[in-house]
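*Asks:* The primary structure of each chain is shown beneath.
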Amino acid sequence: AQKITQTQPGMFVQEKEAVTLDCTYDTSDQSYGLFWYKQPSSGEMIFLIYQGSYDEQNATEGRYSLNFQKARKSANLVISASQLGDSAMYFCAMREVLSGVGTSYDKVIFGPGTSLSVIP
Amino acid sequence: GAGVSQTPSNKVTEKGKYVELRCDPISGHTALYWYRQSLGQGPEFLIYFQGTGAADDSGLPNDRFFAVRPEGSVSTLKIQRTERGDSAVYLCASSLTNEQFFGPGTRLTVL
Chain Z
1 AQKITQTQPG MFVQEKEAVT LDCTYDTSDQ SYGLFWYKQP SSGEMIFLIY
51 QGSYDEQNAT EGRYSLNFQK ARKSANLVIS ASQLGDSAMY FCAMREVLSG
101 VGTSYDKVIF GPGTSLSVIP
Chain P
1 GAGVSQTPSN KVTEKGKYVE LRCDPISGHT ALYWYRQSLG QGPEFLIYFQ
51 GTGAADDSGL PNDRFFAVRP EGSVSTLKIQ RTERGDSAVY LCASSLTNEQ
101 FFGPGTRLTV L
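Chains Z and P, in that order, give the protein sequences. For the record, in the first sequence the residue sitting at position 76 is 76 according to my numbering, with numbers rising by one throughout. For the record, in the second sequence the residue sitting at position 99 is 99 according to my numbering, with numbers rising by one throughout.
Calculated directly from the structure, the hints in this document are not laboratory data. Using N, Cα and C, we set each Cβ at its ideal position, and we do this for glycine too. Please note: incorrect hints may appear among the correct ones.
Cut-off 20 Å, straight-line C-alpha distance, at most; resulting in silico cross-link-like pairs (DMTMM-like, lysine to aspartate or glutamate) [unchecked claim]:
{"no.": "1", "chain 1": "P", "residue 1": "K11", "chain 2": "Z", "residue 2": "E44"}
{"no.": "2", "chain 1": "Z", "residue 1": "K107", "chain 2": "P", "residue 2": "E14"}
{"no.": "3", "chain 1": "Z", "residue 1": "K107", "chain 2": "P", "residue 2": "D63"}
{"no.": "4", "chain 1": "P", "residue 1": "K78", "chain 2": "P", "residue 2": "D63"}
{"no.": "5", "chain 1": "Z", "residue 1": "K107", "chain 2": "P", "residue 2": "D57"}
Which stretches of chain P does chain Z cover? Using the computed rule of at least three CB atoms under 8 Å from a CB of chain Z, they are [unchecked claim]:
{"no.": "6", "stretch": "36-47"}
{"no.": "7", "stretch": "74-88"}
{"no.": "8", "stretch": "93-103"}
Extracted from the complex, chain P is given alone in its bound form (with noise of 0.2 Å):
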């Protein structure tokens, strides 16, 4: 069956730029979590679903971050006004038990 998808899977933007990023769940799970991984760190939280709503946002660095899942499936992190440091891999991950399937991720990169 189908796993997690993010799109698109790198994305270079100018610094002060708006993005969005997209992931796809695995059909039927209920959770979502988004994480961003800096080169040679472990994943770092940034926000949890559990169905549409964000169930825990502390991870969000500022207010810059934002994130939405409105119908409880497809989400999409948003970052406005990007900085050079917000360049990472953002990681989407989806699970309905204690396994969270991972996608394969989106490589931002703010020049």
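Pulled out of the complex, with its shape left as it was, chain Z reads as follows (with noise of 0.2 Å):
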């Protein structure tokens, strides 16, 4: 099953407007951490925002929002005032950690990506 998903494969939006980037997640713990990444096309890949699941307020980075909405699990990426410079893929993901006996796992799955394209 997905852990990520990311519905929009590709998005379009006129610069100077706001945008939002979807993204739901699938787990079972209760304590677990939201990413968001940009990887432009020099392959670089860029941190852009946090969200921890117990953080009560919405994480803000600049221009960067993230709309968390726990009980519907969801993350989408708000980007206000779009630039040029924007235009990139764009990853969401998922850190799950669980330290116990016998099992115990600390990894971060990414989502398959959407493709934010910004029109002058």
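Each chain sits in its own coordinate frame; assemble them with the hints.
*Replies:* This is the structure we're talking about:
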């Protein structure tokens, strides 16, 4: 089963407009973390924003904000005032951590990504 | 300061050969992750180190893949008897808290 779903393979947005990139996740853990990364055509992976499952406030970093709806298991990324340099692939990811006797894991699972194109 | 570095940046090898990919994390970062990214897909988790030990190696696809981090800093991903399906970009990331800092990747091509 898909752990991270990004239903929008491609998105277009007009420069200076806001855009929302969707992400839903699947986990039975109580403690987990959610990330968004940007990958331009150059290939580098750039961290944008992080949300912990126990954080009550939605995370914000400059023009990026994470719309975290825990009950719906969604963690959408909102980019305000889009710029041409925002054109890139965007990946949602989830870190699952479990420490226990007999069973433990600590991994980060990425979604398939959304390609964002900003139109002048 | 120096970021995460990976060597080589490109590696072309023949099917059946052995390869080693190296990752130098940011100094002081205790956590180190290896991922594999195929064209048009998101990174695929391979292994996570906390210090010297592999805290989670469940993402390694089979026993041809092995990774070490003997002194808790530099890590090497080793692939034996390479297959054409191993061709991908191998990414390394290190972190101290939640934010992962990624290296530029090693592009592996198996002919």
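*Asks:* With reference to the structure, classify each hint as holding or not holding.
*Replies:* Structure-based check of all given hints:
Proposed proximity of K11/P and E44/Z is supported: the alpha carbons are some 18 Å apart, at most 20 Å. The straight-line distance between the Cα atoms of K107/Z and E14/P is roughly 31 Å, outside the 20 Å bound, and the hint therefore fails. Taking the CA atoms of K107/Z and D63/P, the gap is near 19 Å; set against the 20 Å cutoff, the hint holds. The hinted pair formed by K78/P and D63/P meets the criterion: a straight-line CA distance of about 10 Å does not exceed 20 Å.
For the hint pairing K107/Z with D57/P, the CA-to-CA distance comes to about 9 Å; that is within 20 Å, so the pair holds. A stretch counts as covered by a chain when three or more of its residues have a beta carbon under 8 Å from one of that chain; for the stretch 36-47 of chain P and chain Z the count is 5, and the coverage holds. With 0 residues bearing a CB less than 8 Å from a CB of chain Z, the stretch 74-88 of chain P misses the requirement of three and the coverage assertion fails. Counting residues of the stretch 93-103 of chain P whose CB lies closer than 8 Å to any CB of chain Z gives 6, which reaches the minimum of 3, so the coverage claim holds.
Of the hints listed earlier, those the structure fails to meet are numbers 2, 7, in rising order.
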